[in-house]
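Sequential numbering of the sequence shown, starting at 1, is according to this note's numbering.
Please keep in mind that the hints were generated in silico from the structure rather than gathered at the bench.
Please read these numbers as outputs of a predicted model, since none were measured by experiment.
Some hints could be false.
[What the hints assert, rightly or not] Calculated cross-link-like contacts (lysine-lysine; reagent style DSS-like; alpha-carbon spacing at most 27 Å):
id : residue 1 : residue 2
1  : 665       : 650
2  : 64        : 127
3  : 211       : 287
4  : 701       : 740
5  : 456       : 502
6  : 30        : 189
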Amino acid sequence: MSFLDGMSLEDLKGKLITDKAALKKIYRAKKSEFQFKSVDHSLVSDYVQQGWEEYTTPLKTKTKLRKRKTHDRQFEDDVWCQLYDLGYTCLSYDRTFALPYGKDPADTKQIDIVAANEESVLLVECKSSIKSKRPKSYKEEFDALVRRMGGFRKSLDEIFHRGVRFKFIFATRNLRVDSQSEDIKRLVKNNVFHYNDNTYAYVDSLLKKYKNAAFYQWNGLLFRGDSISRSPIEVPAVEGKMGNRVYYMFSLEPNLLLRMGFILHRTEANESEMPTYQRLLVPSRLKGITKFIDGGGYFPNSIIINFNQRRSKLKFEADSRGEDTRSRVGYLKIPNAYAIAYIIDGQHRLYGYANSLRKESNTIPVVAFKDLDPSEQLKIFMDINENQKSVSATLRLTLEEDLYWSADRADSRIKALRSSIVRCLSTEQGPLYRRIQIGEDAALLSSKPFSDALRKSDLLPHAKGNKFQMPASKCGLYDTANHENDHEMRRCRASAVAFINKCYELVEDRYPMIFEREKYLILSNRGSFAFISLIGSVNRFLSERGEVSPLSSPDARFKALETYLTALCDGITKMSEEDENRLLQMRGSEVETKWLREFQNLVHIKFADYCPEELKDWLERQDDALQDEGRRLGTDIESLIKREVISKLKNLYGDNWDLEIGEIKSQCEQRASDEIQRNYKEGLGRKEIPWTDMFFIKDYKTIIEKHWNKRPEGAENFSTMEEVFAIDAGIGKFNSKGEKLKWMSVFNSHRNLWAHQGTREKRLNREEVTFLRNVHSVLVSRLE
Numbered sequence: 001m002s003f004l005d006g007m008s009l010e011d012l013k014g015k016l017i018t019d020k021a022a023l024k025k026i027y028r029a030k031k032s033e034f035q036f037k038s039v040d041h042s043l044v045s046d047y048v049q050q051g052w053e054e055y056t057t058p059l060k061t062k063t064k065l066r067k068r069k070t071h072d073r074q075f076e077d078d079v080w081c082q083l084y085d086l087g088y089t090c091l092s093y094d095r096t097f098a099l100p101y102g103k104d105p106a107d108t109k110q111i112d113i114v115a116a117n118e119e120s121v122l123l124v125e126c127k128s129s130i131k132s133k134r135p136k137s138y139k140e141e142f143d144a145l146v147r148r149m150g151g152f153r154k155s156l157d158e159i160f161h162r163g164v165r166f167k168f169i170f171a172t173r174n175l176r177v178d179s180q181s182e183d184i185k186r187l188v189k190n191n192v193f194h195y196n197d198n199t200y201a202y203v204d205s206l207l208k209k210y211k212n213a214a215f216y217q218w219n220g221l222l223f224r225g226d227s228i229s230r231s232p233i234e235v236p237a238v239e240g241k242m243g244n245r246v247y248y249m250f251s252l253e254p255n256l257l258l259r260m261g262f263i264l265h266r267t268e269a270n271e272s273e274m275p276t277y278q279r280l281l282v283p284s285r286l287k288g289i290t291k292f293i294d295g296g297g298y299f300p301n302s303i304i305i306n307f308n309q310r311r312s313k314l315k316f317e318a319d320s321r322g323e324d325t326r327s328r329v330g331y332l333k334i335p336n337a338y339a340i341a342y343i344i345d346g347q348h349r350l351y352g353y354a355n356s357l358r359k360e361s362n363t364i365p366v367v368a369f370k371d372l373d374p375s376e377q378l379k380i381f382m383d384i385n386e387n388q389k390s391v392s393a394t395l396r397l398t399l400e401e402d403l404y405w406s407a408d409r410a411d412s413r414i415k416a417l418r419s420s421i422v423r424c425l426s427t428e429q430g431p432l433y434r435r436i437q438i439g440e441d442a443a444l445l446s447s448k449p450f451s452d453a454l455r456k457s458d459l460l461p462h463a464k465g466n467k468f469q470m471p472a473s474k475c476g477l478y479d480t481a482n483h484e485n486d487h488e489m490r491r492c493r494a495s496a497v498a499f500i501n502k503c504y505e506l507v508e509d510r511y512p513m514i515f516e517r518e519k520y521l522i523l524s525n526r527g528s529f530a531f532i533s534l535i536g537s538v539n540r541f542l543s544e545r546g547e548v549s550p551l552s553s554p555d556a557r558f559k560a561l562e563t564y565l566t567a568l569c570d571g572i573t574k575m576s577e578e579d580e581n582r583l584l585q586m587r588g589s590e591v592e593t594k595w596l597r598e599f600q601n602l603v604h605i606k607f608a609d610y611c612p613e614e615l616k617d618w619l620e621r622q623d624d625a626l627q628d629e630g631r632r633l634g635t636d637i638e639s640l641i642k643r644e645v646i647s648k649l650k651n652l653y654g655d656n657w658d659l660e661i662g663e664i665k666s667q668c669e670q671r672a673s674d675e676i677q678r679n680y681k682e683g684l685g686r687k688e689i690p691w692t693d694m695f696f697i698k699d700y701k702t703i704i705e706k707h708w709n710k711r712p713e714g715a716e717n718f719s720t721m722e723e724v725f726a727i728d729a730g731i732g733k734f735n736s737k738g739e740k741l742k743w744m745s746v747f748n749s750h751r752n753l754w755a756h757q758g759t760r761e762k763r764l765n766r767e768e769v770t771f772l773r774n775v776h777s778v779l780v781s782r783l784e
């Protein structure tokens, strides 16, 4: 007995489009951000009041209008276009498709998108929001959906054909639905696919890189582990052992491997399949490989795969084993199912066949492992790609979690913990959801500033080898006293992610004008480093005061820091346009640190007791009066050194004094000549420069060392170089000649800070000015 009556069946079929020309026309309309309409001239004003606008020259009797699509319609159209690009040739054209799930005429469910091809039918429900937010509970809706699945199956059997494969897709945009929530777990258990922002971005990347070949990976996402056919694929194979691992060598048609293969791209869409490690392929390379294959070319090296036997079991039937080998020849029976073989190496070669005329006639060599441990699988990939550029710096950074989580060395485990925290900040449903680049995913923020901030701040312990460095390790979120490494790393990760998310939520909820401004002071790469580092700095400050500890809960820790973060955000909102532009226009390798100091200072202005040593040092270097004093002292010291060194050389050697330092004189003359030439080229005219103005501090030091104890004959009152320039500046031992002149090396390093007036980046702090003050005092007292 039919589930649908004839009229309903024909009506439903009539809402599906299969004509290629019609589909292409609908695709163009859905691809646009606007709706279009042509109306009589007399109706234009009414439509304008409804939000429509004129956009081109009016026709004779009609005016063309357009209106930007609402976010929900735009999302539906975007998903529809993706499915069209993936090769679905039968699609619903509007929102009026109501699918029966019961015999009562009222038992129908409106389906946003229906898409079908020769292999399957997709039913898509779309939910969206203009801005990122946490949605209300969908429990009632999901419960109803589960109850209706049997009825949907009966309807689809009649609309398409009996036993058609179908998948219900719950698609969301800008809705932070927790993938670990009970609702989503129930959907997955009932074979419903959650298509979120990560999935949309991933499929979009696949289409750009793989074109229509993306369909194979898409099918793997949807139907992972589902049988394509009940009959297994049977191939002749050789079974061997490598270490304690069994592997198989065989040849297989590419079209079969494309269906059963799955590439573990390092994207948030594949998070459940950790570890993921592959980069997306290069489109130009893929096209070239296809052309090479169709021209009769071939690749002798094997595709390397790993069969996941959680989903399907391999069966090897051996014929015989040679007397001189442990290898066996036989037949390997492979389940014919989607996405059961992870492609470890060779994705370009395999996908080069996707659009090839030879994908069913050629065979390719395969080396297949089974049930490789994830870390082993990753190690094979890293070993193969170790000396290639194919593994990007970002991908390597995100792989550290999988590479080092169980390492013996503490410093390696902390590296893995950093990587894991950054991944969770982007993939879990917090304010940074999908904003941080993870692996191959494009995103607003790079993962490196987050990793750098976690590495340099004290939120996580510092370690060298297998030892944690104290006392900094006691100020963070990690309990170094807990030697159950895996347990403590997981606890610390959960605590750090929850805590950091709360800090960002404060900005998101209370200061949207800061948070929603991309590439500004918080949501930017430089801002990310500064904000996370500030959180670490304040956390250390409060830890030293005993207000928080490594075992403080995320809520308690956030409550302790809340007023300090509020002070930062208040300071940013009150920042003058001049100061704002100064920060945003900063360039150079030290910009991140400069932003951190500015952030720390905004907190210090409100809370004077918060003044870490690095901020105190920075504030002193911003003190113009201190810089003026240091510059005056430094200039005077250098003048005293020059005057006294030349005077003593003249006393020692008379008119031949300059010949006594001939090599240094030659270098000074060359510097003077170069300076004269440079001034001339810059339009400053010719101005002679005495060579005696071109001494370096190191030149004075060399001269002093060479003439350390020399004095003219009979000149008992002559002060030697040692008597004038041996100065105990309190920087170490004071015995040898080198130790007595060590102050000159320190002075020379300080000279680089005060010699360039107006350079705010290289300035003196109070301790350095005190050093100059002491040296100046000694020299003046000795030369009076």
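Verification of the hints:
no.: 1; hint: 665 with 650; in the structure: holds, 14 Å
no.: 2; hint: 64 with 127; in the structure: violated, 30 Å
no.: 3; hint: 211 with 287; in the structure: holds, 10 Å
no.: 4; hint: 701 with 740; in the structure: holds, 11 Å
no.: 5; hint: 456 with 502; in the structure: holds, 21 Å
no.: 6; hint: 30 with 189; in the structure: violated, 32 Å
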